[in-house]
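A.B. asks: Next come the chains, spelled out residue by residue.
4 protein chains.
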Amino acid sequence: MRFDTVKIIFTDVDGVLTNGDLLVLNNGLYGKIFNTRDGLGIEKAIAYGIKIYWITGRSDYATKIRAEELGCKYVFTNGRTKEDLIKNILNEAKLKKDNAIFVGDDITDVRAKSVVKYFLVPQDGHKKARESADLIINKNGGKGVLREVIDLILNEE
Amino acid sequence: MRFDTVKIIFTDVDGVLTNGDLLVLNNGLYGKIFNTRDGLGIEKAIAYGIKIYWITGRSDYATKIRAEELGCKYVFTNGRTKEDLIKNILNEAKLKKDNAIFVGDDITDVRAKSVVKYFLVPQDGHKKARESADLIINKNGGKGVLREVIDLILNEE
Amino acid sequence: MRFDTVKIIFTDVDGVLTNGDLLVLNNGLYGKIFNTRDGLGIEKAIAYGIKIYWITGRSDYATKIRAEELGCKYVFTNGRTKEDLIKNILNEAKLKKDNAIFVGDDITDVRAKSVVKYFLVPQDGHKKARESADLIINKNGGKGVLREVIDLILNEE
Amino acid sequence: MRFDTVKIIFTDVDGVLTNGDLLVLNNGLYGKIFNTRDGLGIEKAIAYGIKIYWITGRSDYATKIRAEELGCKYVFTNGRTKEDLIKNILNEAKLKKDNAIFVGDDITDVRAKSVVKYFLVPQDGHKKARESADLIINKNGGKGVLREVIDLILNEE
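Protein sequences appear in the order of chains W, A, S and P.
Quick note on numbering: the first sequence equals residues 471 to 627 in this note's numbering.
Quick note on numbering: the second sequence equals residues 471 to 627 in this note's numbering.
Quick note on numbering: the third sequence equals residues 471 to 627 in this note's numbering.
Quick note on numbering: the fourth sequence equals residues 471 to 627 in this note's numbering.
Any given hint could turn out to be false.
Intra- or inter-copy, both count: the list cannot distinguish identical chains.
Okay, derived cross-link-like pairs now, DSBU-like style, lysine-lysine, Cα gap no bigger than 35 Å in a straight line [to be verified]:
| # | residue 1 | residue 2 |
| --- | --- | --- |
| 1 | 534 | 557 |
| 2 | 598 | 514 |
| 3 | 514 | 566 |
Source of the hints: derived by calculation from the structure; they are not laboratory data.
This structure is a prediction, so every number in the text was calculated from the model and none was measured.
Make the full structure from the sequences, and use the hints.
C.D. replies: As structure tokens, then:
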């Protein structure tokens, strides 16, 4: 696989940047558990000139906070499909399918495969997502999946 | 096993929708860790017309918040047995034993087996629950047990 | 091993009732993660007439909250050794060494072995604790260690 | 390997004292999960006269709270390299390279190897860190890595 044309990474959040866990406190607060390994990789990729978009079907302020702290764009689907969102973002950025990869872990992510160069899936992604993957990542969701992807792109694996 | 008659899912909470972990903060707040994979499955099952009841022996506001966010009913046993609760709910909904499954992980869940079609138990359920199970789910509690059950029902496994 | 004389259980907290994790929030709040499987076992043991003491070298309000919610005694060592504390508690309760077991996971717990009938250690306890154990529990700390102990005592394993 | 000259331990935080997880709540609070096994080891090492510095590239109040509670120094790199920081601290304390070890888990930690006696890496550290390690620790990050290091130094393994 060749990653030298990649200029933009789209990533799902739950199950990729987290292991899908959702903390709920009995006062109504929510929390998610991200991983600093992904954070280090993201900072490197951005310094290298790669744009990173977090696309999530679940509106969540904790996710927005973490995405923006790391210099990523936070995109809530709000009913739109991920493939439509990705196409629009690529158009506006004057980038092509060949410049984009998408990391997702579940059935609803599979259709976005058609609008990017590669569709990558965490080791513990849903069976139907893994069956459609161009590459299955060694790490499980929340344990450094995006870092492994970025190491591949930057040849630091 | 045939799931085509299933119209209602009863599920225990601790050990099924969570791995049994209970976060306690030193200001008295409690928290539980649910999984978004279950959330996606639940939304699909409800869209398909299946009702989902969360039945718990431990009154907990975090659980109530999460159940209702996903469109499920939250039921606190409050001293009643799970089998009596399930029978009453089935009667009121004019549903039969054949329409119901129950997912539970511990000894106290086993007796409810008699009032549903199938009793399903997470991979890491208590030995006595696994011995009584009609089916042992591949996932551990809190890691997508209900999602796997729903994938079976909707043929998306 | 015979548990029929056991009337009192002493248990360490960190590494036994938790996996040793300590959540620290950046506003200074602390949290610990207990497991509801232990909770169910504790309620059964207490209903059976067994007393349970949580003994910890780290003063912690979250631990106190959870111990007392379950009907256990919370004891902070406050510089005293665990073996001295256990001896005093046994004396006051007019119980003998033969009536007591102690569950601990670390080097500092080993000396308390001398004042109880059995010293039990989680699967992932410190090597030096495991070497001194009368019995090594199958579960890891925080994953139902005390439940497994109580199942042994109540013959529900 | 000989640890008898070690008088000071430098340790990375994320991925060593934690497993890299970063809890983000939707009110903006952050949290990290430390382990009490490390805490016990740290208290022993300090009682033995060993100094411990936590060096992190991510400014974080939760980390500062935990470091200082245990009697360790909290050092935020704030753009400086870890090797420069370590050299300065050794100079000020009139200690030599031979008196220092460094525990780190990622690529950015490798260069600090040159200014300490040994560079130690958790079992689940980054491949490039493990390749440069003088010793790979059996434990994963957040599961007692520093405790294992201190047990080696104090011959309590």
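A.B. asks: All hints, please: hold or fail.
C.D. replies: Cross-check of the supplied hints:
1. 534 / 557: This pair counts as within: shortest intra-copy Cα distance 21 Å, inter-copy 38 Å.
2. 598 / 514: So residue 598 and residue 514 pass the 35 Å test inside a copy (31 Å) and across (16 Å) alike.
3. 514 / 566: So residue 514 and residue 566 pass the 35 Å test inside a copy (22 Å) and across (33 Å) alike.
Hint check: no violations occur; every hint is consistent with the structure.
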